[in-house]
Structures are given as structure tokens and as C-alpha cells.
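Chains A and B, in that order, are what the protein sequence lines are. Residue numbers for the first sequence follow the working numbering, beginning at 100 and rising by one. Residue numbers for the second sequence follow the working numbering, beginning at 9 and rising by one.
Don't read these hints as lab results, they were simulated from the structure. C-beta: ideal position from N, C-alpha, C; glycine also. One should not assume that every hint holds.
Claimed, not checked - Rough simulated footprint, nothing fancy, chain B against chain A, three-plus residues with beta-carbon under 8 Å:
id : region
1  : 139-150
2  : 199-208
Stated by the list, open to error - Label-pair restraints from in silico Cβ distances:
id : chain 1 : residue 1 : chain 2 : residue 2 : range
3  : A       : A171      : B       : S77       : 34 to 40 Å
4  : B       : E25       : A       : Q116      : 47 to 53 Å
5  : B       : T66       : A       : P107      : 37 to 43 Å
6  : B       : T66       : A       : Q116      : 46 to 52 Å
7  : B       : P48       : A       : V152      : 30 to 36 Å
In case you want the letters, here they are:
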Amino acid sequence: DAGVIQSPRHEVTEMGQEVTLRCKPISGHNSLFWYRQTMMRGLELLIYFNNNVPIDDSGMPEDRFSAKMPNASFSTLKIQPSEPRDSAVYFCASSLYREDQPQHFGDGTRLSIL
Amino acid sequence: KQEVTQIPAALSVPEGENLVLNCSFTDSAIYNLQWFRQDPGKGLTSLLLIQSSQREQTSGRLNASLDKSSGRSTLYIAASQPGDSATYLCAVRILTGGGNKLTFGTGTQLKVEL
Numbered sequence: 100d101a102g103v104i105q106s107p108r109h110e111v112t113e114m115g116q117e118v119t120l121r122c123k124p125i126s127g128h129n130s131l132f133w134y135r136q137t138m139m140r141g142l143e144l145l146i147y148f149n150n151n152v153p154i155d156d157s158g159m160p161e162d163r164f165s166a167k168m169p170n171a172s173f174s175t176l177k178i179q180p181s182e183p184r185d186s187a188v189y190f191c192a193s194s195l196y197r198e199d200q201p202q203h204f205g206d207g208t209r210l211s212i213l
Numbered sequence: 009k010q011e012v013t014q015i016p017a018a019l020s021v022p023e024g025e026n027l028v029l030n031c032s033f034t035d036s037a038i039y040n041l042q043w044f045r046q047d048p049g050k051g052l053t054s055l056l057l058i059q060s061s062q063r064e065q066t067s068g069r070l071n072a073s074l075d076k077s078s079g080r081s082t083l084y085i086a087a088s089q090p091g092d093s094a095t096y097l098c099a100v101r102i103l104t105g106g107g108n109k110l111t112f113g114t115g116t117q118l119k120v121e122l
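The shape of chain A in the complex, shown without the other chains (with noise of 0.2 Å):
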């Protein structure tokens, strides 16, 4: 079975860029959680959605950041303008919308802005 899969790998940019971070969930699974994670801070919810629709978005850091779920299979995290504090690695992950069951995660983006 296909895990969750993000988009890019890698990803460097200059300041002031517009980023955009995509992600496709496991299929059948309705929860769906952008994460950061950076040495400083660790592993930060910036924010998830049930059936396609935002729940949480009390993580993100500011209003440059945005994201979206036009449907279940699709989703985007995207930062503009981009800012050097910005870097991180970004993960997607999804679960089935029961508290008992257990998220998966991809791989991540390595966003670096320069």
C-alpha cells in the first residue's frame, strides 16, 4: 500500500519566494496533520483537517502560512512571502478520524530559505 506522500523532497528558495509544500494522503484515511519540526523546537501541529475541513489551525506561526484540502486526496501547506526562519522539515500525515487509530507520516519536505 502507498503511504502518505509529500512533495517535494528537498526544497530551497531565496527569501521572500512563495513555497508551496503538497501532500497525498493514505487512501480512505479522513484526518490529515501538517507538522514542522526544527532542533529548537521539535515536532509542532501547525494544523489538521477532518473530512477536508480546517479544525485546528492554532499551530500555524503567522498568516504567511496557509493551507488547504480541496479534497481527500490533496492537500498544501503554502508560505508567502518565505523567510529564512522558515526552514524546517515539513511533515504530512493522515489517519482514519478515530482517536484510537494511529497517524503516518511521510517523509517530509526539507524546505531551506536562503
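Given chain A, put chain B in place with the hints provided.
Below, chain B without anything else, positioned relative to chain A:
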């Protein structure tokens, strides 16, 4: 606010040794606790999930215990192997309106040496 701490931050052991990783959390009102493994440059792989009503879960050489009242969990790895080298993270699922939110610990970086 829920805080999750893991001790030690790093651990190096010889092959074959049994070892224990610790996880503590400040708010005992959790729904469940999940242990993950993260290999360098990769996402998180779910190892074990313990519901709040359970005391332990086992999978192969791994055994996870949960003492919700004291806010603690341990991951026991028997007969460690070099392939067990990775970062291990625990995460608690907290009871919120959304119901499906994980708070991650800081991780323990394990190295098993030949």
C-alpha cells in the same frame, strides 16, 4: 498546556543490551499514547499505541507501558540490535474538541553499537 518530556536525550548501548526509554507528560487527561521511530531523513514510523485504559502493549522485542496517573510511559527494547539505532519519540493524544491532536516529546536518540 500539555508538555511531554523524554529522558535521556541520547543513549548509546552495546548490541544485545536491554534498554528502557522514558516519556513523561504533565496532564494525565490523555486519550492514548503513541511511540514512534524516526530514522535520519525519514518520517515517523508508528511502533506502538496504548489506549488510556491499557497498561501495556507489546510488539516483538518492544514493550510499551503506560501509567496515566503518574504521567509516565516507558518503551522497553529487548536484545537491542544496530538496526534499532534511530530517534524514538512519544506522543500523547489529548482530549480536546477536535479529539485527534498529538503532542510530541523531545525524542531520545538511540545508538546501538556492534
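How the hints compare with the structure:
| no. | hint | result |
| --- | --- | --- |
| 1 | 139-150 | holds (count 6) |
| 2 | 199-208 | holds (count 8) |
| 3 | A/A171 <-> B/S77: 34 to 40 Å | holds (39 Å) |
| 4 | B/E25 <-> A/Q116: 47 to 53 Å | holds (48 Å) |
| 5 | B/T66 <-> A/P107: 37 to 43 Å | holds (38 Å) |
| 6 | B/T66 <-> A/Q116: 46 to 52 Å | holds (48 Å) |
| 7 | B/P48 <-> A/V152: 30 to 36 Å | holds (35 Å) |
Of the numbered hints listed earlier, not one is contradicted by the structure.
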